[in-house]
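Going down the list, the protein sequences come from chains A and B. Just add 3 to wherever you are in the first sequence, counting from 1, and you've got our numbering. Just add 3 to wherever you are in the second sequence, counting from 1, and you've got our numbering.
Source of the hints: derived by calculation from the structure; they are not laboratory data. Predicted, not measured: the structure shown is a model, and the values here were computed from it. Every residue, glycine too, gets a C-beta built ideally from N, C-alpha and C. A portion of the hints provided could be inaccurate.
[Claimed, not checked] FRET-style restraints, in silico, Cβ to Cβ:
id: 1; chain 1: A; residue 1: Pro137; chain 2: B; residue 2: Ser251; range: 54 to 62 Å
id: 2; chain 1: B; residue 1: Val775; chain 2: A; residue 2: Leu558; range: 42 to 50 Å
id: 3; chain 1: B; residue 1: His582; chain 2: A; residue 2: Leu558; range: 40 to 48 Å
id: 4; chain 1: B; residue 1: Gly139; chain 2: A; residue 2: Glu408; range: 57 to 65 Å
id: 5; chain 1: B; residue 1: Glu548; chain 2: A; residue 2: Asp790; range: 32 to 40 Å
id: 6; chain 1: B; residue 1: Val775; chain 2: A; residue 2: Glu408; range: 38 to 46 Å
id: 7; chain 1: A; residue 1: Val114; chain 2: B; residue 2: Ala404; range: 49 to 57 Å
id: 8; chain 1: A; residue 1: Glu537; chain 2: B; residue 2: Arg557; range: 31 to 39 Å
id: 9; chain 1: A; residue 1: Glu537; chain 2: B; residue 2: His582; range: 51 to 59 Å
id: 10; chain 1: A; residue 1: Glu408; chain 2: B; residue 2: His118; range: 46 to 54 Å
id: 11; chain 1: A; residue 1: Leu558; chain 2: B; residue 2: Ala404; range: 36 to 44 Å
id: 12; chain 1: B; residue 1: Asn250; chain 2: A; residue 2: Arg281; range: 54 to 62 Å
id: 13; chain 1: B; residue 1: Pro56; chain 2: A; residue 2: His285; range: 53 to 61 Å
id: 14; chain 1: A; residue 1: Glu408; chain 2: B; residue 2: Arg557; range: 53 to 61 Å
[Said to hold, decoys possible] To spell it out: a stretch of chain A is covered by chain B in this simulated footprint if at least three of its residues, at any positions, have a beta carbon under 8 Å from a beta carbon of chain B; those stretches are:
id: 15; segment: 69–77
id: 16; segment: 158–168
Here is what each chain is made of, one letter per residue.
Number of protein chains: 2
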Amino acid sequence: MTFADEIRYTSATDPWKLSQFGFDAARQGSLESLFALSNGHIGLRGTLDEGEPRHLPGSYLNGLYEERVLPHAEAGYGFPESGQTVVNVADGKLIRLLVGDSPLDLTYGEVLDHHRTLDLRSGILHRHTNWRSPNGRSVRVRSQRLVSLTRRSIAAICYEVEPIDDEGDLYVAIQSDLLANEEAGGAPSTDPRSAARVAPLIGELSGAKEARAVLGHITQSSRLRMAVGMDHELEVPDRSTTAIDVNSDVARFTVSARLPAGSKLRLVKYLAYGWSSRRSAHALRDQVEGALATSKLSGWDVLVTEQRKFLDDHWAAADVEVEGDDEMQQAVRVAMFHVLQAAVRAERRAIPAKGLTGPGYDGHTFWDTETYVLPVLTYTAPESARDALIWRHSTLDRARARAAELGQKGAAFPWRTINGAECSGYWPAGTAAFHINADIADAVARYYGATGDLNFDRDYGAEILVETARLWMSLGHFASDDGFRIDGVTGPDEYSAITDNNTFTNLMAQKNLREAANAVGRQVEVADRLEVDEAEAASWNRAAEAMVIPYDERLQVHQQSEAFTEHDEWDFADTPAEHYPLLLHAPYFEIYRKQVIKQADLVMAMFLRGDAFTAEQKARNFAYYEARTVRDSSLSAAQQAVLAAEVGHLDLAYDYWAETVFTDLYNLHGNSVQGLHLAALAGAWTVAVCGFGGMRDHNGWVTFAPRLPPKLTCLAFRILVEGRAITVKVGRNSATYHLVNGKAFTSSHHGKEFTIAVDAPVTLPIPAAPEVAPVQQPMGRKPIHRD
Amino acid sequence: MTFADEIRYTSATDPWKLSQFGFDAARQGSLESLFALSNGHIGLRGTLDEGEPRHLPGSYLNGLYEERVLPHAEAGYGFPESGQTVVNVADGKLIRLLVGDSPLDLTYGEVLDHHRTLDLRSGILHRHTNWRSPNGRSVRVRSQRLVSLTRRSIAAICYEVEPIDDEGDLYVAIQSDLLANEEAGGAPSTDPRSAARVAPLIGELSGAKEARAVLGHITQSSRLRMAVGMDHELEVPDRSTTAIDVNSDVARFTVSARLPAGSKLRLVKYLAYGWSSRRSAHALRDQVEGALATSKLSGWDVLVTEQRKFLDDHWAAADVEVEGDDEMQQAVRVAMFHVLQAAVRAERRAIPAKGLTGPGYDGHTFWDTETYVLPVLTYTAPESARDALIWRHSTLDRARARAAELGQKGAAFPWRTINGAECSGYWPAGTAAFHINADIADAVARYYGATGDLNFDRDYGAEILVETARLWMSLGHFASDDGFRIDGVTGPDEYSAITDNNTFTNLMAQKNLREAANAVGRQVEVADRLEVDEAEAASWNRAAEAMVIPYDERLQVHQQSEAFTEHDEWDFADTPAEHYPLLLHAPYFEIYRKQVIKQADLVMAMFLRGDAFTAEQKARNFAYYEARTVRDSSLSAAQQAVLAAEVGHLDLAYDYWAETVFTDLYNLHGNSVQGLHLAALAGAWTVAVCGFGGMRDHNGWVTFAPRLPPKLTCLAFRILVEGRAITVKVGRNSATYHLVNGKAFTSSHHGKEFTIAVDAPVTLPIPAAPEVAPVQQPMGRKPIHRD
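For reference, chain A alone in the conformation it holds in the complex (with noise of 0.2 Å):
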């Protein structure tokens, strides 16, 4: 498959927008994900008005969940009881029309003309269609629909409809709904990563009056409250009736009107959301009415506007600009707009693996997040990196109690979860997946680094490093050769677990180690406050020295962990394309005692602690996992994409980024219909920045080591360092650093330190890459080339 190969998503390749034309049923599902919207609180899939055809409806709040029983055919000590899993809450987008007697359906009558636009400037939804009714009648129903930037509990719906034809006058129905307990729709899926899907609202209240209604609900088991609810704004040309109904799971307001040719009818939807795991039914039911009563004072426009100011800041702040291949910059956007949707208004609770975008991992977060999209949002929108970070320390006693009952000191966090409790139910590839500890940490040490946020660094982050040091210190021991050993862990590569001495782990663990006890030399009282003396910061260092890097000599590489290059080969020639991902073709045994890799681990560990790696050694320990990666994760291709461009593969590095970058606007692990990757599309900047800007943070200080890929002509970034907005701009030759704001910046360009300040740019010359020989990939497994 080539690109070229599927179907355009725009016809003219707008920079700032995404087009869909015409009803494509197969690529529905997908489209859903692509088109939803989100503020991290609300999530609203991109649904046609009309509800159907749809694949799944998808209405979603942040944190709200169902819990479930978790079966084990052997139950073992530890094994999590309970899951949770992600609620399709009341669905409040629905508008259904009825034109004469024919409910409005891209599958039957005539469709004379469709597109959608996700507007990534103003954030708006557009929706247009040009429809002939199977009775013969025309109409044009356009649509614009945002989920609320900046009010959270907000989403609106602007919704027309005008006859197009000259058959006189037009009778039409409108009927817009809140309707709970929907079918979620679909074929259930056997693969075992998607979710299980439940419907479980209770109706605790329903009341209507005039154009408004409101629904409470609780869930069956998590004894979770919720309320939605909507009102409107309606415009008639002519004669018009109206009406409100609402039962236990329906709430609907109806429209009859008539519509003379030429005229148009108007109607805006305010919808508001609200859950709480404490308040009541008629607080919730207060909160949202309240939130709808402000927002339709303010009014449709306002909202508009309000959108825009807010996206326009943004975009001012975290732009990044590609000049040619206008297809790539206008999915980098794209991407960079799901990220920031997914966490913007998310405040104290998680960030899934897929935002808000479908139901995909149960609505699961993982060490994603940290590691994928808190950078993003550490150099770009850092508020948010910072209210995601206060989730996880507001996790930490559940953190705590499951390392006690893990017979660990300090606190571990779950491998996936939506409360903060465990939810993974394969222990191999989740509990001991302790690395998401150290990915946290370096979350956290990586946003004080960014912001200098000594606040945060005292009340939340300080805390999370000393637990989470602690923790390593229990799991890892002191060996006869005095090397700290990590033992029978699982490190970011699913298709090896149990290993010892995982060398991403490790390189992780002694960086949360050493942050740890810098942390406690400058919030002397945090350390006071968790009783941490001064042997105990010393033995964290002390760990740190000692750590345990597995290297094979005979090889000249790192080992992934250790004994691992001596696995047997995985034998790439006899696997056909189709048993990809293997995960779902063969016994984890198989996969895991072989040198056969899901995702970057190794690779991985030569990012984020490049520190600890030569030049020399990056490039051959490249070489060497390249040819035995196989990307079956989608958090693969940006990771593999940043050390390319470092060790000097600029073409392949360009290939791996589009992987990354349009894992959901091709669908290339075909199950975006459950939701975007929102780590892949975080990688849409992390390799703009990191792999062809060169960007690094480590121990504080921002590096750059541009490099033009030899595709573009230009590549511009801006990062937000200690509140400074700090524009880069790479040409072929060289490479211009501004700072739009603050104090003078002193950072290093490919290894040369320089200094810029406001209305002092600096342009420094781009060295010629090294010399590199080719790399392979598994048989079959080779990118797709850009051409």
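Since the structure of chain A is already known, use the hints to place chain B on it.
For chain B alone, kept in the frame of chain A given last:
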């Protein structure tokens, strides 16, 4: 705890009888297992005739299982989707008694005298109860129960009632039942190792006439058919009436009788069981009715005589005599009796880990059978060993399919199963424990070596050896240093998993490969049929030669698996006694990554592959692993005993012998209610013969190195080698070898070759035991010392 803290089972320790006096509700569950009767086809737990009170009723037919779904919190490729559970079939041992209108129940009225005796020479369970009913009448009830060791489908009960007061005529009613789908009783266990219990029998036919009744059932999911029939002979002293009733789940023969003082009622109940996966309900009914007719024709006395004759012959060939510890003598025979019972008429069915004594482990068979039980049978009842191996052979197609499913060549036998399909729900301690294949191959080679049974070799054995050798060739690989590595597997010690180069596995695989090469050399037509060419056989020898055996040069000990001795130590000092077994109190990952050993693994390798270690290595390894082995498995003590005896710790060996012999008599693991620990009981023989007798059988040569433990004055045992009966009598200073029949036998005694012929015994001096430094167990895990 010491053994003396426990209640003695016998008032006078009879060397051939296990008796229990008085009714003890607390120990009833384990007594039901200890008094279970079986012939390997039928198993009847030792419940009271009247059925209640009881812990688990338990009637089993070997191989009759129900299917159930195996749920997985997160599914994975190759995870078994359905499991098998042994079925509690229709209970034919029920004979209820009404004394006047009071049901005989030992928890009511007054127990004047109650004892039960399992007679190891007659194979009969005797019961004697004098009971005063709540309404004041006293009766004596005596019963004898047998499951025929000569007639596969037959069991019988002789039941007698007599009034023992002088209150005149006593009216009694006797209800003799067949009862299907009875409640299992007992609280559901939360121990993951206990069985799922189901009651899945669907009635297909039932019929009754005179004193005879038959029930036919089919299992709900697995669709296996069974039939059970009963017939009766009644002797009454006075007036009586009888009736027979039947419905789909109950058949009842009722006797009402008037018993004058001094008179006695005698009822003989004949039972016949049959099951089939293929035959019709009518065919099964006819089969059990036919068996009933012949056994009734023979009559009770003939059944008793046959049973005695069978056992006399068996003990003559197999008995172990212990002088100096009467309780041990008795217990060794109890253990051997149960091993025999589990196997003798199993014919071509599996021998489950619990025999047919309880529902533990779902009635599955594991490697225990080949590695613990079959050696006993190979040298004492070789036809039963042969039958069990022919059963394995009958599952070869399933094992080949499983290997293919797992991406391997050859055959991969299931970790746990009833019908040959993998039922393990936790792959790191199931599928990954590939050593079971070498264990089966070892049992095949041992049986062939000890019998010279070329027909078996040609028809069954060689094929198993070839297909398991092929498995090892695909599981292992030649690494860079030319060593043949077997990575990512689990050895016998389930407190480590998914390790590289487990020494036990590698040594057993080495033997497997060599035995396969030998087999194709002598069975040319088998080699042809299986398309084994010379190159393939040569590759087996090459892999065997190059097998990696990990050794720690610094500590001068073998490693249980690669890197094992680098792992952290378990904190035994901080592990309270109630935290054993550890698997119920600590997560797998924590257990796996530390040097804590559930059960003999490297130590076991030194027994089964003792030819691969020097005496010095054995002593050093034993001391090292002894200090880290917690014996959370009942499989451990016997292996430790054998090696302790070999390296010179004879007292310790004795204590471990007691631990294995008394596993169920003292309910040492607290779960004997679920059935007997057959492998541990097999250890009674193994420690006597291979521990204190020092018998080894490497490469087909049976040798001895006897040494008496201080506690004993003499130990004698009998074994069969290539049809010859050999008796070994071990005294304090010398051992005497007798050949009872057959051609001259050459062996070695403590390394010195000797030959015996019929009537030409040889007596040889026993060298002093080597001086050894004391060894230590983990804190709190020293075995109970038998003083």
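The hints, checked one at a time:
no.	hint	verdict
1	A:Pro137 x B:Ser251: 54 to 62 Å	59 Å, holds
2	B:Val775 x A:Leu558: 42 to 50 Å	44 Å, holds
3	B:His582 x A:Leu558: 40 to 48 Å	43 Å, holds
4	B:Gly139 x A:Glu408: 57 to 65 Å	58 Å, holds
5	B:Glu548 x A:Asp790: 32 to 40 Å	53 Å, violated
6	B:Val775 x A:Glu408: 38 to 46 Å	41 Å, holds
7	A:Val114 x B:Ala404: 49 to 57 Å	51 Å, holds
8	A:Glu537 x B:Arg557: 31 to 39 Å	33 Å, holds
9	A:Glu537 x B:His582: 51 to 59 Å	33 Å, violated
10	A:Glu408 x B:His118: 46 to 54 Å	48 Å, holds
11	A:Leu558 x B:Ala404: 36 to 44 Å	38 Å, holds
12	B:Asn250 x A:Arg281: 54 to 62 Å	57 Å, holds
13	B:Pro56 x A:His285: 53 to 61 Å	56 Å, holds
14	A:Glu408 x B:Arg557: 53 to 61 Å	35 Å, violated
15	69–77	holds (count 5)
16	158–168	violated (count 0)
Violated hints, listed in ascending order, are 5, 9, 14 and 16; each of the other numbered hints is respected by the structure.
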